[in-house]
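Protein chains: 4
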Amino acid sequence: MGKAKMTATELERMAIEEVPFAGNMGIKFVEVGEGYVVATLPYQDDFIRPGGTIAGPVMMAMADLVLWGVVMSQLGPVKLAVTTNLNINFLRRPTPGELTAVGQNLKLGQRLAIGEVSLLTGGKDGDLVAHVTGTYSVPPRS
Amino acid sequence: MGKAKMTATELERMAIEEVPFAGNMGIKFVEVGEGYVVATLPYQDDFIRPGGTIAGPVMMAMADLVLWGVVMSQLGPVKLAVTTNLNINFLRRPTPGELTAVGQNLKLGQRLAIGEVSLLTGGKDGDLVAHVTGTYSVPPRS
Amino acid sequence: MGKAKMTATELERMAIEEVPFAGNMGIKFVEVGEGYVVATLPYQDDFIRPGGTIAGPVMMAMADLVLWGVVMSQLGPVKLAVTTNLNINFLRRPTPGELTAVGQNLKLGQRLAIGEVSLLTGGKDGDLVAHVTGTYSVPPRS
Amino acid sequence: MGKAKMTATELERMAIEEVPFAGNMGIKFVEVGEGYVVATLPYQDDFIRPGGTIAGPVMMAMADLVLWGVVMSQLGPVKLAVTTNLNINFLRRPTPGELTAVGQNLKLGQRLAIGEVSLLTGGKDGDLVAHVTGTYSVPPRS
Numbered sequence: 011m012g013k014a015k016m017t018a019t020e021l022e023r024m025a026i027e028e029v030p031f032a033g034n035m036g037i038k039f040v041e042v043g044e045g046y047v048v049a050t051l052p053y054q055d056d057f058i059r060p061g062g063t064i065a066g067p068v069m070m071a072m073a074d075l076v077l078w079g080v081v082m083s084q085l086g087p088v089k090l091a092v093t094t095n096l097n098i099n100f101l102r103r104p105t106p107g108e109l110t111a112v113g114q115n116l117k118l119g120q121r122l123a124i125g126e127v128s129l130l131t132g133g134k135d136g137d138l139v140a141h142v143t144g145t146y147s148v149p150p151r152s
Numbered sequence: 011m012g013k014a015k016m017t018a019t020e021l022e023r024m025a026i027e028e029v030p031f032a033g034n035m036g037i038k039f040v041e042v043g044e045g046y047v048v049a050t051l052p053y054q055d056d057f058i059r060p061g062g063t064i065a066g067p068v069m070m071a072m073a074d075l076v077l078w079g080v081v082m083s084q085l086g087p088v089k090l091a092v093t094t095n096l097n098i099n100f101l102r103r104p105t106p107g108e109l110t111a112v113g114q115n116l117k118l119g120q121r122l123a124i125g126e127v128s129l130l131t132g133g134k135d136g137d138l139v140a141h142v143t144g145t146y147s148v149p150p151r152s
Numbered sequence: 011m012g013k014a015k016m017t018a019t020e021l022e023r024m025a026i027e028e029v030p031f032a033g034n035m036g037i038k039f040v041e042v043g044e045g046y047v048v049a050t051l052p053y054q055d056d057f058i059r060p061g062g063t064i065a066g067p068v069m070m071a072m073a074d075l076v077l078w079g080v081v082m083s084q085l086g087p088v089k090l091a092v093t094t095n096l097n098i099n100f101l102r103r104p105t106p107g108e109l110t111a112v113g114q115n116l117k118l119g120q121r122l123a124i125g126e127v128s129l130l131t132g133g134k135d136g137d138l139v140a141h142v143t144g145t146y147s148v149p150p151r152s
Numbered sequence: 011m012g013k014a015k016m017t018a019t020e021l022e023r024m025a026i027e028e029v030p031f032a033g034n035m036g037i038k039f040v041e042v043g044e045g046y047v048v049a050t051l052p053y054q055d056d057f058i059r060p061g062g063t064i065a066g067p068v069m070m071a072m073a074d075l076v077l078w079g080v081v082m083s084q085l086g087p088v089k090l091a092v093t094t095n096l097n098i099n100f101l102r103r104p105t106p107g108e109l110t111a112v113g114q115n116l117k118l119g120q121r122l123a124i125g126e127v128s129l130l131t132g133g134k135d136g137d138l139v140a141h142v143t144g145t146y147s148v149p150p151r152s
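If you're matching them up, the sequences are chains D, C, L and E in order.
Under this note's numbering, the first residue of the first sequence is numbered 11, with each subsequent residue one higher.
Under this note's numbering, the first residue of the second sequence is numbered 11, with each subsequent residue one higher.
Under this note's numbering, the first residue of the third sequence is numbered 11, with each subsequent residue one higher.
Under this note's numbering, the first residue of the fourth sequence is numbered 11, with each subsequent residue one higher.
Heads up, some of the hints might be wrong.
The list cannot tell twin chains apart, which means a pair is met if one copy fits it or any two copies do.
Here are the simulated BS3-like pairs of lysine-lysine, each with C-alpha atoms no more than 27 Å apart in a straight line [as the list claims (entries may be wrong)]:
1) LYS13 - LYS134
2) LYS15 - LYS38
3) LYS134 - LYS117
4) LYS38 - LYS134
5) LYS13 - LYS38
6) LYS13 - LYS117
7) LYS89 - LYS13
8) LYS89 - LYS117
9) LYS15 - LYS89
10) LYS15 - LYS117
11) LYS134 - LYS15
12) LYS38 - LYS89
For the record, the hints were derived by calculation from the structure and aren't laboratory data.
All chains, please: the whole structure from these sequences, using the hints.
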């Protein structure tokens, strides 16, 4: 794994500007390598569903942001990357608490970037609560 | 298409209680049949991405809520329905404005309910901006 | 719906040359419009699973071929179109008999073509047994 | 990882009986742990697409069979497990040659089993050519 083209701080700042709906949820990028990103989302009361579990759309928003981070970590601050497909499997009801997302690149092509995100409770080695694959369309590069 | 087991007003109230993250986004259920739901989402400034398009997570949250409505319209107010899979294809960048979602049942089984949601700008006969399929796990029925 | 860029006969011939694994399964294109394709697959004994249902991979192969037909019906005989994503929901066990697939374009862009396929038993207005969305990467056009 | 409930030989025999369309493609199970399966598919001329790449439906059939193996490795020879959803991202064109599939369990629940399959050329540590997630519906267990 090479050196990331953006730091965690740069990703967080850019997320708030570029993808504010997810960027403003409070996600922290805690590890950023080239094509590899770990983020955490502190718990907020309005994320919850009755039964004490975190709402699906919160997890989808976090996964999409982390996939975006995986792309940016490889390409640098590209403005025109957009999601074209996202598939999520919800595996277990997360307990109310911090969510961790581990994202990694599966393929970076000339047109498409495909990545994978694992969402967990209890940290990086905790319980897998959802699994996501997603595709970003990326601008042509020279 | 038979008579829906819940009205639009009942769905909206239940959404705010049961799935508040999406329920509080301002989605209005405007048509509810048995296994068929139309909803609209008035535009809000914080939904936007630079370039003037609506953020992906907003569309995913809306689609998930409409799928949930499709399930409720057939089963009545079941508390334990949870999404197990959601797949979204983003087709065109929506213009900043009201989103419309048209959801319909594909299959209601003993364990799983599968549905489809079209997201459009410019109303029900407008431009398709995203297409979603999703699965809900539903409690066993007698 | 405009005029298709290829006829059913041309699609069948090209399928056998270009995508022989699916092309040789015996699929017949029975209706071809621009971005709209109907195909049928006569029943064969080796398609079956115990319990008398048609195997999932047979349905996936048919759906992929029909999506390819939807792309070709719009672009003409393009050699470099490849599937990048396919998502299938299996809804009901098909009875052993002819399968029908109805495919339609959801979006034809400069780089990606996204389509939807309904798989049915009992003809075009029969029972929906599976639902597919898929993406093809298409060569740049002038 | 615990002891698998079926051996590679038992899986191969059952695949031919239960899921013959894929079972007869020549797939060999080469490693079977509890919730972990590695399989290989020797190259055959009719798998090919022009351009020298292996057809998508061959990869989908292999992935579905490996997911089925992952379920069986945990439950033993259950006859009523059926795929409910499969999502595949095609990443790179495989070269004509042996395919390897590495499948692992993501969650085994009371009703649903979700797994992930990586398809590679050049062996287990070779090039990732496709990534699959899939869901099986499993019979209730006591």
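What label fits LYS13 with LYS117 when the C-alpha limit is 27 Å: within, between, both, or neither?
So LYS13 and LYS117 pass the 27 Å test inside one copy only (17 Å; across, 33 Å).
Under a CA distance limit of 27 Å, which applies to LYS15 and LYS89: within one copy, between copies, both, or neither?
within (14 Å within a copy, 36 Å between copies)
When no copy is specified for LYS134 and LYS15, does a C-alpha distance of 27 Å or less occur within a copy, between copies, both, or neither?
within (23 Å within a copy, 29 Å between copies)
With identical chains, the pair LYS89 and LYS117 could be close in the same copy or across copies; at 27 Å between alpha carbons, which is it: within, between, both, or neither?
both (19 Å within a copy, 23 Å between copies)
How would you classify LYS15 and LYS117 at a CA-CA limit of 27 Å: within, between, both, or neither?
within (17 Å within a copy, 33 Å between copies)
If the cutoff is 27 Å on CA atoms, where do LYS38 and LYS89 land: within, between, both or neither? Let me know, please.
Intra 20 Å, inter 32 Å, cutoff 27 Å: intra-copy only.
27 Å Cα cut-off: does LYS89 pair with LYS13 within a copy, between copies, both or neither?
Answer is within; shortest intra-copy Cα gap is 20 Å, inter-copy 38 Å.
Please sort LYS38 with LYS134 into within, between, both or neither, judging by C-alpha distance up to 27 Å.
Cα proximity of LYS38 and LYS134: one copy only (14 Å, versus 34 Å across).
Within, between, both or neither: how does the pair LYS13, LYS38 come out at a Cα-Cα threshold of 27 Å?
within (19 Å within a copy, 39 Å between copies)
Is it within, between, both or neither when you check LYS15 against LYS38 at 27 Å Cα-Cα?
within (17 Å within a copy, 42 Å between copies)
Which holds for LYS13 with LYS134 at a C-alpha limit of 27 Å: within a copy, between copies, both or neither?
Answer is both: 21 Å inside a copy and 26 Å across each meet the 27 Å cutoff.
Pop the pair LYS134 and LYS117 into one bin, within, between, both or neither, using alpha-carbon distances up to 27 Å.
both (22 Å within a copy, 17 Å between copies)
Going through the hint list in order, the structure satisfies each hint without exception.
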